[in-house]
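Heads up: the sequence shown at position 175 corresponds to 169 in my numbering, and the numbers run straight through without jumps.
Please keep in mind that the hints were generated in silico from the structure rather than gathered at the bench.
Being a predicted model, the structure only gives us computed values, none of them experimental.
Among these hints, one or two may not hold up.
Computed cross-link-like contacts, SDA-like style, restricted to lysine to any residue with a CA-CA straight-line distance of at most 20 Å [stated by the list, open to error]: (1) Lys55 / Trp219; (2) Lys55 / Arg180; (3) Lys55 / Ala183; (4) Lys55 / Ala39; (5) Lys55 / Trp140; (6) Lys55 / Thr175; (7) Lys55 / Glu177; (8) Lys55 / Ile40; (9) Lys55 / Thr208; (10) Lys55 / Ile160; (11) Lys55 / Arg179.
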Amino acid sequence: MDHKLSPSTVLLLLIPPLLWAGNAVVGRLVIEMIPPITLNFLRWAIAAVFVLPLGYSVFRKGSGLWRLRRRYAMLGLLGIGLYNGMQYLALHSSTPINVTLVGASMPIWMLLIGMLFFRSRIAGRQLLGALLSLTGVLVVLGRGEWQQLMQLRFVAGDIFMIVATIIWAFYSWMLVQSTDTPEIRRNWATFLVAQLSFGMMWSALFAAGEWALTDARIEWSLPLWAALMYVAIGPAIIAFMCWGIGVQRAGPATAGFFSNLTPLFAALMSSAFLGEMPHLYHAAAFALIVGGILFSTRRRDRG
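Produce the entire structure from the sequences given, and follow the hints as far as they go.
Here is the structure:
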């Protein structure tokens, strides 16, 4: 596996956090229009319409999909059935800022889970790089003033996001396990369809439970349809494609550092929507986050 960060790999790992930042904002905007677990189900149902024509070959006899059903059932559960459903649920009681703050702990969870469950070793540079990158996130969230960080309060939604972050770390490590057949790993679409074949069942089951146990309702409107199209095509299809390929190239631990760019992108989006000019702390945070990535990956390139 090539762990070097080529320009194309960097680009692949930059696209998902950009789309995820928009996903958090959109998820917060539609909380009164659609239940969170149902939102997750519909996003993947729409995504399936676009990706199935590109990856339907995984259903052919001998592709290995059924033989490796336990692997894809688990990938579908973690990456499709649970992660974004938990994130949308978190946004019902937490803010996008807090959600992205909790999600910024991703590199730490990547390292810990890799060590505990996938026999990965944690190097000093990786740990220090994670802390450096996390510092950049805190600079963004505090808008350059540490006193503002003390005003952040964690609620139930933040706990949901912690669970979601751990789930995504497990998912990312499972991506690099070399048990897939060439037919499934032929391209990003066939691999995603393999996960969707089981993930859609999980998400449908969870959505059914939401409607059975809660007073769920949907307020259909043009903004909701626009939001569904965005979360289905952007954070679902495009982000999963780029993340899957990027993790294969760079490795889960290194890729995890790029998730720290999500709150930075979210802050920049907020500035753009509110008409505010970027500040000096945005540049400082960017330098810290990227510095953490480079600091960590230097050891991997030489190792």
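Open item on the list: To test your reading of the hints: which numbers does this structure violate?
Closed with: 1, 4, 5, 8, 9 and 10
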